[in-house]
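Chemist: Same order as they appear, the protein sequences are chains A and B.
Sequence positions in the first sequence follow the working numbering and run 280 to 532.
Sequence positions in the second sequence follow the working numbering and run 280 to 532.
Where hints are given, some of them may not hold.
If several chains are the same, the list does not tell them apart, and a pair holds so long as it fits within one copy or across any two.
Cross-link-like lysine-lysine pairs, in silico, BS3-like; alpha carbons within 27 angstroms at most [claimed, not checked]:
#1 372 - 465
#2 321 - 465
#3 375 - 457
#4 316 - 457
#5 465 - 520
#6 372 - 463
#7 502 - 463
#8 463 - 520
#9 463 - 386
#10 372 - 316
#11 375 - 385
#12 372 - 457
#13 502 - 433
#14 386 - 375
#15 316 - 385
No wet-lab data here; the hints were simulated from the structure.
Fair warning: this is a prediction, and the values are worked out from it, not measured in the lab.
Protein chains: 2
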Amino acid sequence: MRRIALTISYDGTLYGGWQRQQNAPTIQETIENAIEKLFGEKVVVMGSGRTDAGVHAVGQIGVFDLEHTIPCDRLVLALNANLPDDIRILLAKETKADFNPQFDAKKKTYHYTFYDGTIMPPHLRLYAVPTEYQTNWDLVEETLHCFEGTMDFKACCASGSAALTSVKGTVRTIYEAKLIRNEKEKLYTISICGNGFLYNMVRIIAGTVLEVGKGALPIEAVKKALVDGDRAGLGQTAPAKGLTLYSVEYEEM
Amino acid sequence: MRRIALTISYDGTLYGGWQRQQNAPTIQETIENAIEKLFGEKVVVMGSGRTDAGVHAVGQIGVFDLEHTIPCDRLVLALNANLPDDIRILLAKETKADFNPQFDAKKKTYHYTFYDGTIMPPHLRLYAVPTEYQTNWDLVEETLHCFEGTMDFKACCASGSAALTSVKGTVRTIYEAKLIRNEKEKLYTISICGNGFLYNMVRIIAGTVLEVGKGALPIEAVKKALVDGDRAGLGQTAPAKGLTLYSVEYEEM
């Protein structure tokens, strides 16, 4: 039995998120079904974390145990030949028997993309969220830095989330929160790298910095809400389709 | 009554092409229905040309006559609010009563996009075609220049096309056929600008230059097929999804 780590890219548009559920097709289930079809083995593919319905990934990590001895490079080809083209396996790698893609993750990076033009180009409609108003991107960038550091991110957590009452709590470290500007295509991508994220955290940060950039929320109110742990003091949760799980880093994989 | 010219962008994935037909939803029909819903006027939207099922557009031109006096900027907003988000009206402009988007077109530019990596990124899957093998892009570029100039493009026309027996014939002028390289994203876009195109012409050119770039077809064979008007001497017709009608130019619109 080998433990195999997959690097997975997907367009989440047509899925009910990563995690297997009753009411919608999911990324996890689709990959598990392809593995069962190929090798006759029922496996569970553990993700580095869930992604919500409509959220995309460039570098999700999924781990499972396989009896079959197919080499990893051929496994990639076989899986891609048996998956829909909105899910692609980029890499397969044999890893330690106790490797856990969620608990062993050291850093995760999410991207959140806004489109800052007046009319959303059709080919971007599933991957970017329109700003709808003139946005001050320098101010967005400045606001992003408020989220950097180790602090209690209770204000950036969807109400009802398990983290609010869990032993682990709501303290996280954000190593970097920056803005990537593609002015030619009017795409502005927020890139946030941290040691862990609360439920909806990146979408709450994205919604908040955009409101500041549009002049709808003062940056001082954001700083205060972070100190107070006050979700209501931040902006709205931005839509799922703008979010991409960009990469997950491990000390060893 | 005013004649109005629309600049239209669309993702053709879910449509049976531009032109109204029985068996599938089309771009033309979808826009005509939105106009009828908004203004109660049954109109025909004439395109600058048909695009096939799965073909996209960035700057298709569609023209229709409207009794309603809505200003053009408000017409854009109203149409976009009543169209699915894979069709966007970029501009509306009042034009001459006898303006014909097909016959008055002076230049059209098509783009055809290849992805030159080993695994197609999910977010590009509907807009780019995988090369599947190592491609010599310098050779692709050199081959593209063979298609520049005024000549009989009979070899670049799908068999059975009306152009083969029409009075207008198969002579066209290609002003420019060039390669746009985006090496970071492994996207290679063929851009072809001409005074008119035969049925499947750009897809046949794209399929041909790719085969040359892969070493499957000698450039001399391409030159000979063009002189001989021999469709069989060129490459396969490349898939629809890589093709985008990029722009249509008029002396006056």
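Chemist: If the cutoff is 27 angstroms on CA atoms, where do residue 372 and residue 463 land: within, between, both or neither? Let me know, please.
Modeler: Between copies only: 25 angstroms across, 37 angstroms inside.
Chemist: Regarding residue 372 and residue 457, is the shortest C-alpha distance of 27 angstroms or less found within a copy, between copies, in both, or in neither?
Modeler: Classified as neither; 31 angstroms inside a copy, 40 angstroms across copies.
Chemist: How would you label the pair residue 372, residue 465 (within, between, both, or neither) given a Cα cut-off of 27 angstroms?
Modeler: between (37 angstroms within a copy, 24 angstroms between copies)
Chemist: With identical chains treated as interchangeable, where does the CA-CA distance between residue 465 and residue 520 reach 27 angstroms or less: within a copy, between copies, both, or neither?
Modeler: both (17 angstroms within a copy, 24 angstroms between copies)
Chemist: Given identical chains, is residue 321 near residue 465, meaning Cα to Cα at most 27 angstroms, within a copy, between copies, both, or neither?
Modeler: For residue 321 and residue 465, neither the intra-copy (45 angstroms) nor the inter-copy (36 angstroms) Cα distance is at most 27 angstroms.
Chemist: How would you label the pair residue 463, residue 520 (within, between, both, or neither) given a Cα cut-off of 27 angstroms?
Modeler: both (21 angstroms within a copy, 24 angstroms between copies)
Chemist: How would you classify residue 375 and residue 385 at a CA-CA limit of 27 angstroms: within, between, both, or neither?
Modeler: within (16 angstroms within a copy, 64 angstroms between copies)
Chemist: Check residue 316 against residue 385 for me: Cα-Cα at most 27 angstroms, and say if that holds within a copy, between copies, both or neither.
Modeler: neither (33 angstroms within a copy, 54 angstroms between copies)
Chemist: When Cα atoms must be at most 27 angstroms apart, do residue 316 and residue 457 count as within-copy, between-copy, both, or neither?
Modeler: neither (42 angstroms within a copy, 44 angstroms between copies)
Chemist: Between residue 375 and residue 457, at a C-alpha cutoff of 27 angstroms, which is it: within one copy, between copies, both, or neither?
Modeler: neither (33 angstroms within a copy, 49 angstroms between copies)
Chemist: Is it within, between, both or neither when you check residue 386 against residue 375 at 27 angstroms Cα-Cα?
Modeler: within (19 angstroms within a copy, 60 angstroms between copies)
Chemist: Could you figure out if residue 502 and residue 433 sit no more than 27 angstroms apart (CA to CA) within one copy, between two copies, both or neither?
Modeler: So residue 502 and residue 433 pass the 27 angstroms test inside one copy only (13 angstroms; across, 68 angstroms).
The structure shown violates the earlier hints numbered 2, 3, 4, 7, 12, 15.
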